[in-house]
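Line by line, the protein sequences are chains Z and W. Per this note's numbering: the first sequence = residues 1 to 471. Per this note's numbering: the second sequence = residues 472 to 631.
Hints were generated in silico from the structure; no laboratory data involved. Hints may be right or wrong, so weigh each one.
As the list claims (entries may be wrong) - The calculated EDC-like cross-link candidates involving lysine to aspartate or glutamate, where the alpha carbons are at most 20 Å apart (straight line), are:
#: 1; chain 1: Z; residue 1: Lys320; chain 2: W; residue 2: Asp615
#: 2; chain 1: Z; residue 1: Lys369; chain 2: Z; residue 2: Asp330
#: 3; chain 1: Z; residue 1: Lys18; chain 2: W; residue 2: Asp615
#: 4; chain 1: Z; residue 1: Lys313; chain 2: W; residue 2: Asp615
#: 5; chain 1: Z; residue 1: Lys320; chain 2: W; residue 2: Glu480
#: 6; chain 1: Z; residue 1: Lys162; chain 2: W; residue 2: Asp615
#: 7; chain 1: W; residue 1: Lys630; chain 2: W; residue 2: Asp615
#: 8; chain 1: Z; residue 1: Lys267; chain 2: Z; residue 2: Asp310
#: 9; chain 1: W; residue 1: Lys630; chain 2: Z; residue 2: Asp238
#: 10; chain 1: Z; residue 1: Lys324; chain 2: W; residue 2: Glu509
#: 11; chain 1: W; residue 1: Lys604; chain 2: W; residue 2: Asp579
#: 12; chain 1: W; residue 1: Lys478; chain 2: Z; residue 2: Asp395
#: 13; chain 1: Z; residue 1: Lys164; chain 2: W; residue 2: Asp615
#: 14; chain 1: W; residue 1: Lys611; chain 2: Z; residue 2: Glu161
What the hints assert, rightly or not - Okay, the calculated beta carbon distance ranges per label pair:
#: 15; chain 1: Z; residue 1: Gly21; chain 2: W; residue 2: Asn597; range: 53 to 61 Å
#: 16; chain 1: W; residue 1: Lys611; chain 2: Z; residue 2: Ser257; range: 41 to 49 Å
#: 17; chain 1: Z; residue 1: Met46; chain 2: W; residue 2: Glu589; range: 34 to 42 Å
#: 18; chain 1: Z; residue 1: Asp327; chain 2: W; residue 2: Lys609; range: 31 to 39 Å
#: 19; chain 1: Z; residue 1: Gly21; chain 2: W; residue 2: His516; range: 37 to 45 Å
#: 20; chain 1: W; residue 1: Glu521; chain 2: Z; residue 2: Glu275; range: 49 to 57 Å
#: 21; chain 1: W; residue 1: Glu598; chain 2: Z; residue 2: Lys263; range: 51 to 59 Å
#: 22; chain 1: Z; residue 1: Lys263; chain 2: W; residue 2: Glu521; range: 56 to 64 Å
#: 23; chain 1: Z; residue 1: Met46; chain 2: W; residue 2: Asn597; range: 53 to 61 Å
#: 24; chain 1: W; residue 1: Lys518; chain 2: Z; residue 2: Asp327; range: 41 to 49 Å
#: 25; chain 1: W; residue 1: Lys473; chain 2: Z; residue 2: Gly314; range: 51 to 59 Å
#: 26; chain 1: W; residue 1: Glu521; chain 2: Z; residue 2: Asn176; range: 56 to 64 Å
#: 27; chain 1: Z; residue 1: Asp310; chain 2: W; residue 2: Glu598; range: 49 to 57 Å
Virtual Cβ for every residue (Gly too), placed ideally from N, Cα, C.
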Amino acid sequence: MGKTLFEKIWDAHVVVGKQSGPSLIYIDRHLVHEVTSPQAFDGLRMNNRKVRRPDLTIATMDHNVPTTDRGLPILDQTSSVQIQTLEKNCQDFGIKLFDINSPNQGIVHVIGPQLGITLPGSTIVCGDSHTSTHGAFGALAFGIGTSEVEHVLASQTLWLEKPKPFEIRVEGKRKNPHAVTAKDIVLSIIKNIGTGGGTGTVIEYRGEGIEDLSMEQRMTICNMSIEAGARAGLIAPDEKTYEYLRGRQYTPKNYESLVDYWKENLKTDDDAKFEKQFTLHIDDIAPQVSWGTNPGMTCDVTETIPSPDDFSKGDSNQKKGAEKALDYMDLKPGTPIEEIKIDRVFIGSCTNARLEDLIEASKIVKRQKISSDVRAMVVPGSQMVKKQAEEMGLDKIFTDANFEWREAGCSMCLGMNPDILSPGERCASTSNRNFEGRQGTGGRTHLVSPVMAAAAAINGHFVDVRKVDFN
Amino acid sequence: MKGNVVKYERDNIDTDVIIPGQYLKVHDYAELATHAMEGLDPDFHSKVKESDFILSGKNFGCGSSREHAPIALSHSGVKAVLALSFARIFYRNSVDGAFLLPIEIEEDAYKGIAEGDEIDIDVSKNEITNLTKNQTYKMKPFSDIIGKIIDAGGLFNYKP
Numbered sequence: 001m002g003k004t005l006f007e008k009i010w011d012a013h014v015v016v017g018k019q020s021g022p023s024l025i026y027i028d029r030h031l032v033h034e035v036t037s038p039q040a041f042d043g044l045r046m047n048n049r050k051v052r053r054p055d056l057t058i059a060t061m062d063h064n065v066p067t068t069d070r071g072l073p074i075l076d077q078t079s080s081v082q083i084q085t086l087e088k089n090c091q092d093f094g095i096k097l098f099d100i101n102s103p104n105q106g107i108v109h110v111i112g113p114q115l116g117i118t119l120p121g122s123t124i125v126c127g128d129s130h131t132s133t134h135g136a137f138g139a140l141a142f143g144i145g146t147s148e149v150e151h152v153l154a155s156q157t158l159w160l161e162k163p164k165p166f167e168i169r170v171e172g173k174r175k176n177p178h179a180v181t182a183k184d185i186v187l188s189i190i191k192n193i194g195t196g197g198g199t200g201t202v203i204e205y206r207g208e209g210i211e212d213l214s215m216e217q218r219m220t221i222c223n224m225s226i227e228a229g230a231r232a233g234l235i236a237p238d239e240k241t242y243e244y245l246r247g248r249q250y251t252p253k254n255y256e257s258l259v260d261y262w263k264e265n266l267k268t269d270d271d272a273k274f275e276k277q278f279t280l281h282i283d284d285i286a287p288q289v290s291w292g293t294n295p296g297m298t299c300d301v302t303e304t305i306p307s308p309d310d311f312s313k314g315d316s317n318q319k320k321g322a323e324k325a326l327d328y329m330d331l332k333p334g335t336p337i338e339e340i341k342i343d344r345v346f347i348g349s350c351t352n353a354r355l356e357d358l359i360e361a362s363k364i365v366k367r368q369k370i371s372s373d374v375r376a377m378v379v380p381g382s383q384m385v386k387k388q389a390e391e392m393g394l395d396k397i398f399t400d401a402n403f404e405w406r407e408a409g410c411s412m413c414l415g416m417n418p419d420i421l422s423p424g425e426r427c428a429s430t431s432n433r434n435f436e437g438r439q440g441t442g443g444r445t446h447l448v449s450p451v452m453a454a455a456a457a458i459n460g461h462f463v464d465v466r467k468v469d470f471n
Numbered sequence: 472m473k474g475n476v477v478k479y480e481r482d483n484i485d486t487d488v489i490i491p492g493q494y495l496k497v498h499d500y501a502e503l504a505t506h507a508m509e510g511l512d513p514d515f516h517s518k519v520k521e522s523d524f525i526l527s528g529k530n531f532g533c534g535s536s537r538e539h540a541p542i543a544l545s546h547s548g549v550k551a552v553l554a555l556s557f558a559r560i561f562y563r564n565s566v567d568g569a570f571l572l573p574i575e576i577e578e579d580a581y582k583g584i585a586e587g588d589e590i591d592i593d594v595s596k597n598e599i600t601n602l603t604k605n606q607t608y609k610m611k612p613f614s615d616i617i618g619k620i621i622d623a624g625g626l627f628n629y630k631p
């Protein structure tokens with residue numbers, strides 16, 4: 001019987017293992033950041049261990065870095081300590097670090113592909129759940145905890161139980177691909193399969209709707225695999241993948257011969273079997289807006305807030321969850337999504353802060369001003385994205401409209417740096433999680449695409465972006 | 472392993488409510504513990520006792536890979552989380568660092584065990600006894616590797 005792409009990558013990385021039971025898996029790339037690594041390095045020191053492959057380990061600081069002027073000292077003492085600790089750890093263990101002043105600094109999942117560190121067919125881990133992003137390149141990439149970070153630093157391997165392959169087909173063509181984005185596709189998937197729908201699986205996204213997407217859009221899809229509970233999500237590489245990685249700073253010298261090998265090997269066999277399947281038809285899907293406190297609580301922008309009864313379809317815990325979510329979000333069933341007024345807009349995060357995201361959002365913002373009731377910010381995913389955007393004049397478009405234009409980092413996605421919501425504030429956010437308090441204690445998050453966030457900033461509320469002019 | 476249950480009758484308890492992002496800079500585990508479950512239940516720290524258990528619904532620990540989540544619960548005294556299902560990173564983090572036992576239960580235990588009930592977990596028999604209600608439930612057995620990592624006292628002591 002044939003194999004799925006995931007199974008081929010897995011099998012190629014088994015160091016020790018049998019058909020069933022756990023396997024020791026070799027890790028090709030390890031991305032490290034300041035928040036989930038300090039205890040791992042402490043563990044190495046305590047046990048007098050070295051980093052086994054510093055050459056396969058790359059570090060940057062993204063989670064708690066300020067997004068304001070990099071020339072100023074960091075006011076938050078604990079953040080400052082965490083950043084200095086990573087600098088010292090990288091120095092002591094010989095790891096390449098893109099520090100806060102590096103032109104390559106940025107969110108790990110943005111810089112990996114940009115630098116050509118992310119490669120098809122490789123295994124990639126990081127102490128961050130959104131490592132699934134790199135799956136867009138046909139890599140097996142997943143988040144791990146700090147104990148596993150230490151294990152990879154010490155041994156370049158991990159003990160894992162093999163997940164099951166899950167096929168998600170995205171079929172059809174979007175009528176308005178500017179207004180209905182990759183974010184709307186992945187939110188629609190999670191809305192349908194649920195936040196636990198992918199548990200224990202590695203998703204392979206396939207079909208015309210996926211092949212049509214650019215690499216940056218594919219990253220948005222794979223990024224949110226974890227929000228469906230999946231271990232990882234991946235997409236078979238194609239010409240777009242190979243073209244994207246060609247000639248980047250860390251792209252291997254023997255790249256073209258690797259491409260030949262990947263073309264031959266990195267695809268799911270026709271007779272391969274998936275354990276689970278789901279198909280989404282995208283011809284008629286609408287822009288999505290989350291209304292609750294997990295990414296599955298999402299509906300079309302043209303819909304109204306559902307009642308807990310309608311949402312839960314008879315499941316008592318789902319009903320309680322929806323009631324609690326509506327209470328936290330201060331929303332009532334029956335309210336049209338387009339009537340929800342917002343206070344803040346955040347265009348950023350490893351989900352939606354790449355150049356293409358900023359270009360698309362800027363088309364809506366151009367020659368407009370944001371609503372006087374709204375405070376809005378753009379936080380580019382990396383310093384490289386920021387520089388490219390500035391070369392295109394996007395920063396000017398955003399600042400002319402009264403957006404704040406920031407330095408790169410995770411920022412308001414997770415509220416570790418000063419970029420947070422105040423209690424009760426409502427935010428249209430291009431990030432990945434609308435959990436209670438995620439963007440700041442008492443803050444209310446609506447997950448949307450970059451164009452929806454931009455339109456909401458201009459109008460002060462959500463609008464059907466299919467009716468908006470893209471300049 | 473005996474203790475009392477703190478019950479959260481809901482699904483999808485995420486790691487952002489177990490330990491909000493602003494505390495990921497805290498390296499002192501005792502201090503981290505004072506903020507455990509703060510995003511969901513600000514009274515948790517005052518009501519939880521040494522050797523207590525948490526009982527909850529599906530997809531417990533979803534979201535971020537922060538190992539701070541099982542650490543904060545463990546240093547609050549929580550010895551095990553019983554849930555209908557777990558998000559995988561939280562599940563592995565719990566056993567890799569030997570912080571707490573993630574125990575998958577069935578509907579009977581989820582419905583039968585109430586807040587404050589005293590229960591006895593016998594991992595060797597895959598059995599949970601509700602001492603308050605005099606009921607017994609099955610727990611799902613640990614897989615081979617998870618059982619061995621738990622027995623070894625964490626990932627770094629595990630030998631295949």
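Verification of the hints:
{"no.": "1", "hint": "Z:Lys320 with W:Asp615", "result": "violated, 35 Å"}
{"no.": "2", "hint": "Z:Lys369 with Z:Asp330", "result": "violated, 27 Å"}
{"no.": "3", "hint": "Z:Lys18 with W:Asp615", "result": "holds, 13 Å"}
{"no.": "4", "hint": "Z:Lys313 with W:Asp615", "result": "violated, 36 Å"}
{"no.": "5", "hint": "Z:Lys320 with W:Glu480", "result": "holds, 8 Å"}
{"no.": "6", "hint": "Z:Lys162 with W:Asp615", "result": "holds, 13 Å"}
{"no.": "7", "hint": "W:Lys630 with W:Asp615", "result": "holds, 12 Å"}
{"no.": "8", "hint": "Z:Lys267 with Z:Asp310", "result": "violated, 40 Å"}
{"no.": "9", "hint": "W:Lys630 with Z:Asp238", "result": "violated, 40 Å"}
{"no.": "10", "hint": "Z:Lys324 with W:Glu509", "result": "holds, 16 Å"}
{"no.": "11", "hint": "W:Lys604 with W:Asp579", "result": "holds, 13 Å"}
{"no.": "12", "hint": "W:Lys478 with Z:Asp395", "result": "violated, 49 Å"}
{"no.": "13", "hint": "Z:Lys164 with W:Asp615", "result": "holds, 17 Å"}
{"no.": "14", "hint": "W:Lys611 with Z:Glu161", "result": "holds, 17 Å"}
{"no.": "15", "hint": "Z:Gly21 with W:Asn597: 53 to 61 Å", "result": "violated, 19 Å"}
{"no.": "16", "hint": "W:Lys611 with Z:Ser257: 41 to 49 Å", "result": "holds, 47 Å"}
{"no.": "17", "hint": "Z:Met46 with W:Glu589: 34 to 42 Å", "result": "holds, 38 Å"}
{"no.": "18", "hint": "Z:Asp327 with W:Lys609: 31 to 39 Å", "result": "holds, 35 Å"}
{"no.": "19", "hint": "Z:Gly21 with W:His516: 37 to 45 Å", "result": "holds, 39 Å"}
{"no.": "20", "hint": "W:Glu521 with Z:Glu275: 49 to 57 Å", "result": "violated, 41 Å"}
{"no.": "21", "hint": "W:Glu598 with Z:Lys263: 51 to 59 Å", "result": "holds, 53 Å"}
{"no.": "22", "hint": "Z:Lys263 with W:Glu521: 56 to 64 Å", "result": "holds, 58 Å"}
{"no.": "23", "hint": "Z:Met46 with W:Asn597: 53 to 61 Å", "result": "violated, 35 Å"}
{"no.": "24", "hint": "W:Lys518 with Z:Asp327: 41 to 49 Å", "result": "violated, 22 Å"}
{"no.": "25", "hint": "W:Lys473 with Z:Gly314: 51 to 59 Å", "result": "violated, 36 Å"}
{"no.": "26", "hint": "W:Glu521 with Z:Asn176: 56 to 64 Å", "result": "holds, 58 Å"}
{"no.": "27", "hint": "Z:Asp310 with W:Glu598: 49 to 57 Å", "result": "violated, 39 Å"}
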